[in-house]
Amino acid sequence: MKSIIVDDEASARAIVKELCRKIPEMEVRAEFPNALEALKFLKNDEVDLIFLDIHMPKLTGIDFIETLQNPPKIVLTTSDKNFAIEAYEYPFIVDYLVKPITPERFEKCITRLEGAFEKDDLNSQLGGGTHGQEEELYINIDRRLIKLKLRDILLIEAKGDYIEIQTNDKRYRVHSTLKKIKEKLPESRFLQIHRSFIINFTQIVDIQDNSVLIERNVIPISRSNRPELMQRLNLL
Amino acid sequence: MERPNLDYIKEISGGNEEFEKRFLTIIQNEFPKEKSDYLENLQQENLEESAKIVHKIKHKLGILGLQEGYRLAIKYEEDLKFGNTNLEKDFQEILHTVEEFIVKIA
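Protein chains in written order, with the numbering used here: chain A, 1 to 236; chain B, 1001 to 1106.
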């Protein structure tokens, strides 16, 4: 993975660089104290990944993202915990690291990145562009391929040898597993919160104790999945 | 009052002493500049800019293991955005503690 680090704090850049140094497949090509210098670099060089601080003077991380024509994968780094949902609105943002970044959390981020790159490879082998593939999903029902828009999917429930996909207005029963469909869904929007449920977490209405409300569906959250869900929420 | 420590830096370095030295030099250069920018903006009552610098300093408090200081900085940063400087003195004490620590490890 060829990467660059963009952060106005030298100490923050040094930490990310040191964490990257321990990942054999990671190559930090350059580091920049502001987004403008990074933009200049990207005019002539391609990278697979950008570690990007959000809060920078002049051009913020989000401004920077908006100017990128063909964004690579991006991992946001910030000391602001209240940003997660906004961050995941961009499909190429793979993860969101709160500073100071711990080695354990960084390892998790690398695993996520590997998954995201593998998904891209799979999509390109299937002949589709990443973005197109991520926006829709075809399901096989009675020998018919039905197109579902990912944004319309509210949740997926495991039911024995089947899964049930709940959209805004319909419920589809498909012969598949949660594991299989999870591989097809972008992590930027979907999260497994229970061994029997994957949810589109942008559709959450509210969260109470150990359950989430999506439309009128009350979905249990397992104890082990709760921390990741909470981490992705834009908590006040 | 809690004291700064190098636990996090050692955890990141995994025993890489060269990194530890280099990193501490960065902190020793970066922190005084941020502190002076913060004080200057505060003096000029430019609280929005002060909040942005507190945001950066907050990260360093976390790096140096000042958990209470980190939490106070979160609150202070938000307060400053709304023109509230009530935590100024408490934050100043934290800055002083960090400054002393940085001088000690130099």
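No lab work stands behind these hints: they were computed from the structure. The model shown is predicted, which means the values in this text are computed figures rather than measured ones. For glycine and all other residues, C-beta sits at the position ideal for the given N, C-alpha and C. Treat the hints with caution; some may be incorrect.
[Said to hold, decoys possible] According to the in silico footprint, chain B covers these stretches of chain A (three or more CB under 8 Å from chain B):
# : stretch
1 : 10-17
2 : 97-108
[Claimed, not checked] In silico SDA-like cross-links for lysine to any residue, where the CA-CA straight-line distance does not exceed 20 Å:
#  : chain 1 : residue 1 : chain 2 : residue 2
3  : B       : K1035     : A       : T102
4  : B       : K1052     : A       : D63
5  : A       : K119      : A       : K22
6  : A       : K147      : A       : E164
7  : B       : K1052     : A       : K22
8  : A       : K22       : B       : K1035
9  : B       : K1010     : A       : E104
10 : B       : K1010     : A       : E164
Taking the hints in turn, this is what the structure says about them:
Figure legend: the stretch 10-17 of chain A, annotated as covered by chain B; annotation consistent (5 residues with Cβ-Cβ distances under 8 Å, at least 3 required). Counting residues of the stretch 97-108 of chain A whose beta carbon lies closer than 8 Å to any beta carbon of chain B gives 4, which meets the minimum of three for the stated coverage. Of the pairs offered as hints, the one joining B:K1035 and A:T102 is violated, with about 25 Å between alpha carbons and a cut-off of 20 Å exceeded. For the proposed pair B:K1052 and A:D63, the alpha carbon gap of about 17 Å is at most 20 Å, so the pair holds.
Note on A:K119 and A:K22: the hinted pairing is violated, with a Cα-Cα distance of about 24 Å set against a maximum of 20 Å. As the CA atoms of A:K147 and A:E164 are separated by approximately 15 Å, the hinted pair is consistent with the 20 Å bound. Between B:K1052 and A:K22, the direct Cα distance comes to roughly 31 Å. Violation of the 20 Å bound is thereby established for this hinted pair. As the CA atoms of A:K22 and B:K1035 are separated by approximately 32 Å, the hinted pair breaks the 20 Å bound.
Between the alpha carbons of B:K1010 and A:E104 the distance comes to roughly 14 Å, so the proposed pair stays at or under 20 Å and holds. At roughly 48 Å between alpha-carbon atoms, B:K1010 and A:E164 are farther apart than 20 Å, so this suggested pair is violated.
Of the numbered hints listed earlier, those contradicted by the structure are 3, 5, 7, 8, 10.
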